[in-house]
Amino acid sequence: MTATQDTPTLWTGFQVQADAQASAQAKAKAPAQAPAQPQVQNQPQPQSKLQNQNQAQAQDKTPTTQTQTQSQAQDPAGYVIPDLFRSYTFPHRYHPHGAAIADASLVWLASHAHHVSGTSRGHAGSGSAGSAGRGSGGGERLLSPSTHSHLYTTNYGLLAAHAFPTCPLSRLRVIADYMNVFYHMDVITDGAMTRGKDERRDVDGVAGCVMNALWFPEGYRPMHVDGKVVSEEESVLGKLTRDFWTRCIHDAGHGVQARFKEHMAEFFDAYNQLQEESDDDDNTETFTDLEELVELRRDTSGCKMLFDLVEYAVGVELPEVVVDDAVIMAMKENANDLMTWSSDIFSYSIDHARGDKHNLVAALLDQMNPYGFTLQDAINHVGDMCRETAQAFKDNKKKVPWFGVPNLDRAVSEYVEGLQYLVSAFLHWSFRSERYFGVHGEEVKRTRWVRMLPKVPIRRKDGKRVCESRACESVVKGPCAQWKPAINIDRVLK
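For the sequence shown, UniProt numbering begins at 1 and goes up steadily by one.
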């Protein structure tokens, strides 16, 4: 028996509908005396052919119809998210001490973020490669006040408590600390996608700080770029990474450590590749190769590091024969896609508001817009992909091999159970946290309706990149002409 490893076809559902629409339009435009042409249903085509067909279809549309279609697809009032709870029927539990661990982790982060003087720049990590998190007042601050507040409302420690319900307290604390630190990195790298080319170099600085701490946990080693020392002192981000990592490696196996570092490096490499794609597209940030986007999102989602922490949480170290097993690899890919695609569905309104198209829904909509498909069509299609992938995960679970070694088989069983907890945890946390829906998580969970947020300008008129004043709160009343919220665009939901 083989593992179900194939990604659900990105085009099948859309292509069938597109062929039907193309046939109907061709019939409508044909002269009355012309014989009817038989309808031929095409198979999904390679990307390049589909793009050509998109262009041809767009040219066939009348100007009025095309304008109406684009307006409907690009400026809807909102969208209905799929009922993923019906598809993600995985076990779900909550750690009995999860709330206490989550609170302690936030206190730990806050104590590091504000223990020195200095004026933050409105966005954590702004500055040169060697000064991620360095403030303009000579001191160093990790989080701006708005970002610090947002950290509490998103509550990544709560996600850890959902994802690792049986984890020992000391290890759950390490995982919660990691998630909070990774949230900070995600803010920097995610926000960098909507700024200018020069400012994107912040990602390299963040990568250097983090990887330095992972590779040299015994102490900071000054970084060198082109033979020059970038920074003699370690940034707060590096210190935070080193703090949780030294506690983690005390219990994590060498294989787990190696995979974690490898996957973290892949995370930064993938983000740099996304930047290159944006540069090549002259900052339009439109992905033309959806399969490539899916592959990159598997690295930029951060899920691979969480899979490594599943081993750490349950106290096992899987041998290479298990890690490289086709079924196990397929299940990890399934779990990654389920969380990543769900995130793309939930975050589309936020991503659209800040102009970030590194989102599967956005990329799919751009490709299919010439056919007359709407945002809701794209959301539904990604939802269908999630449903198919959830079933593939369940099918693969039935194929997990037994290795004939009781301790190993038990470890594999616990690891697979951990993957299920992760997927289920992400879904439940998405509505309990304010990460995607602000304070309206429970309402969105009940109604499944997500309203679109207003677009905001990318930078201030004077050229400065982020707002250092609460004047950006005016975006609540409508798009602001001067200010851009510092990454936390979803707070306008309040």
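I should point out that these hints are in silico values taken from the structure, not numbers from a laboratory.
From a predicted model like this one, the values you see are computed outputs, not experimental measurements.
Keep in mind that a hint or two might mislead.
What the hints assert, rightly or not - The calculated lysine-lysine pairs, modelled on PhoX-like cross-linking and capped at a C-alpha distance of 20 Å, are: (1) Lys357 / Lys397; (2) Lys304 / Lys397; (3) Lys261 / Lys239; (4) Lys357 / Lys455.
Do the hints match the structure? See the list:
Taking the CA atoms of Lys357 and Lys397, the gap is near 33 Å; set against the 20 Å cutoff, the hint is violated. Proposed proximity of Lys304 and Lys397 is supported: the alpha carbons are some 18 Å apart, at most 20 Å. In summary, the hint linking Lys261 to Lys239 is supported, as the alpha carbons are separated by about 16 Å, within the 20 Å threshold. In summary, the hint linking Lys357 to Lys455 is supported, as the alpha carbons are separated by about 13 Å, within the 20 Å threshold.
In summary, the one numbered hint that this structure violates is 1.
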